[in-house]
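Here is what each chain is made of, one letter per residue.
Number of protein chains: 2
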Amino acid sequence: MKDNYCVIMGGGIGSRFWPFSRESYPKQFLDFFGSGRSLLQMTFDRFAKIIPTENIYVVTNEAYASLIKEQLPELSEKQILLEPARRNTAPCVAYAAYHIRACNPDANIVVAPSDHLILKEELFLRDVRKALDFVRENRALVTLGITPSRPETGYGYIQSSDTVVDDFAKVKTFTEKPDLELAKVFMESGEFFWNSGIFVWNVNTILEAFSKYLPDISSRFDLGKDKFNTPEERAFIRENFPYCLNISIDYGIMEKANNVYMLCVDFGWADLGTWGSLFELAPKDANDNAVLKNNEAMLYESSGNVVALSDPKRLVVIQGLNDCIVAEAGNVLLICKKEDEARIKQFVADARIKYGNEFN
Amino acid sequence: MKDNYCVIMGGGIGSRFWPFSRESYPKQFLDFFGSGRSLLQMTFDRFAKIIPTENIYVVTNEAYASLIKEQLPELSEKQILLEPARRNTAPCVAYAAYHIRACNPDANIVVAPSDHLILKEELFLRDVRKALDFVRENRALVTLGITPSRPETGYGYIQSSDTVVDDFAKVKTFTEKPDLELAKVFMESGEFFWNSGIFVWNVNTILEAFSKYLPDISSRFDLGKDKFNTPEERAFIRENFPYCLNISIDYGIMEKANNVYMLCVDFGWADLGTWGSLFELAPKDANDNAVLKNNEAMLYESSGNVVALSDPKRLVVIQGLNDCIVAEAGNVLLICKKEDEARIKQFVADARIKYGNEFN
Chain A
45 MKDNYCVIMG GGIGSRFWPF SRESYPKQFL DFFGSGRSLL QMTFDRFAKI IPTENIYVVT
105 NEAYASLIKE QLPELSEKQI LLEPARRNTA PCVAYAAYHI RACNPDANIV VAPSDHLILK
165 EELFLRDVRK ALDFVRENRA LVTLGITPSR PETGYGYIQS SDTVVDDFAK VKTFTEKPDL
225 ELAKVFMESG EFFWNSGIFV WNVNTILEAF SKYLPDISSR FDLGKDKFNT PEERAFIREN
285 FPYCLNISID YGIMEKANNV YMLCVDFGWA DLGTWGSLFE LAPKDANDNA VLKNNEAMLY
345 ESSGNVVALS DPKRLVVIQG LNDCIVAEAG NVLLICKKED EARIKQFVAD ARIKYGNEFN
Chain B
45 MKDNYCVIMG GGIGSRFWPF SRESYPKQFL DFFGSGRSLL QMTFDRFAKI IPTENIYVVT
105 NEAYASLIKE QLPELSEKQI LLEPARRNTA PCVAYAAYHI RACNPDANIV VAPSDHLILK
165 EELFLRDVRK ALDFVRENRA LVTLGITPSR PETGYGYIQS SDTVVDDFAK VKTFTEKPDL
225 ELAKVFMESG EFFWNSGIFV WNVNTILEAF SKYLPDISSR FDLGKDKFNT PEERAFIREN
285 FPYCLNISID YGIMEKANNV YMLCVDFGWA DLGTWGSLFE LAPKDANDNA VLKNNEAMLY
345 ESSGNVVALS DPKRLVVIQG LNDCIVAEAG NVLLICKKED EARIKQFVAD ARIKYGNEFN
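Chains as they are written, first to last, in our numbering: chain A, 45 to 404; chain B, 45 to 404.
Hints were generated in silico from the structure; no laboratory data involved. A hint or two may mislead.
Note that the list lumps identical chains together, so a pair holds whenever it fits in one copy or between two copies.
In silico DSS-like pairs for lysine-lysine, Cα to Cα no more than 30 Å straight-line [said to hold, decoys possible]: (1) LYS398 with LYS381; (2) LYS221 with LYS174; (3) LYS398 with LYS328; (4) LYS389 with LYS328; (5) LYS214 with LYS174.
Using the sequences provided together with the hints, build the complete structure.
Below, the structure is given as structure tokens:
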């Protein structure tokens, strides 16, 4: 128990959720469901049930330090690891591993994004515990594979093999987001699972993997081996982190290592990566409209819409609108077809070109 | 010139323009085009060019007295005639006529709504002058008939006869809003003109008409003959106005009188009664979208929309939306098909039932 650690990755920008998610206030800090807790806070709350609070870390960009402190006052200064630059997940995972090893060389670590929704918490906690126990005994890099409920094209997939240790199946391949045809094949095969991006490993196992598959990164961090968990850590990270390769943990290690195992799970997981995924999960009215944030809403001859106004005291009246996103936050109102939400990134870019950062 | 008076009717609620137009702040007080002047102010500015400012009156509901003073500081207290109750246009016209006769028994009066748009001001002023001259010489009730530019079903029509005095044609009939088929026939006939609701008459001519066609109303006002334009007027009106018949000047007098004449005009008139009429008039982008209020807007694959956000500093991004009204004001956001805007009145009523007056 005392050897169990958690690393929450909270440095993303989440521009696909604009205008709600802003570069200055990304989605993990938002309370999408009007529940009173942000995605980050819900993630913390979950892990705090099985991991000692003092063993929970958040890795984020320096820009979000104050937001983290504000939303998670439970965390001490030293539990917030600040990245001086955006370098994707591999350097983030390495930084956390080096720091945690300096605190506890026997640490078992669960690494999780901060913007996921988990509906069946009990199952989730059981599976995470199980994985933490597994990596204590086995030099395995564990990923949680979600049993697919639909041929989703928005997720990466993991293919399991027949080699199974306890309930952990050796992973055959990681695949990028498939097209719909392939996604259907994946689903029917029964061999493919959604890549949750939730990983579990012993600190020594992951650091060995880094020196083997991402030596550029590990050698860079090795320069400051003795500085981690000391007053010198910040200065060392500030100076060296920016030199790290910009690469994901999936691509840099999980797809290459031969000791990757997957635990098949089914705890009502969703990556809140898009309005569409949010819509899938949100409670809906009789006409399949999802009104978030407890907004007062009156809908007529409308269906399939997802509606979110940052001001819950505002009334929204919608008539004759179908399958749209109606999102209003701060100084921006967005109305967009759900099926075209991939273009939101472009809208943000266009707005930046036209207006500077006023609306970003 | 000194005998020419103007009465601006400014007591309407304009609920079809909700959420912009609120019962507490109706459309005539709004600056729809971001021009810096409200519809009421634009109406006043127009008449002030040909009518002495001290001869311009506004008749409105007591509830709007302070709004009028705020928007038209040029008016003295006694130029604002306050209705203690909503009684349609006939009692409003009678009240103004009784008051003005007490000021000037030779007054010639132009009566106009406060929520109209007039694009060709020079022509408008020429025609009003012409009508004022005509009613000085003739005991005629004059209405301005607009040469129709399309088979509009939202307006009432006036049928002219062949009896013409100067350029003023004796009116044969007034008709209610026709259906599209009939409206087409009207337009092709060349005999039918839009009823602008702008009337011109000598004060004695209209008061004779009242005693002849609406004796209930005139006898009620006759009770206070000597009180008009005296300190006793307010108390008299407060006590007696509510007893007046609730009836329009068109139905109560114009459709019945046999001395009604029409001047055919074509000064780019529009009754800003609906979002649709506003859309018709507003400048549009290449895809036929009308963005009012100088809002910052980015539209993609969208056409035929009318967009109005009360906060001009707000950015609106719209994609894949066609022929809709997107209107946001105060605590309400409305998205509605243009063709279904007639239902806005229902939305307002529903909101009142559901939330009380919070959003009205």
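Hints the structure fails to honour: Violated hints: none at all, because every hint is consistent with the structure.
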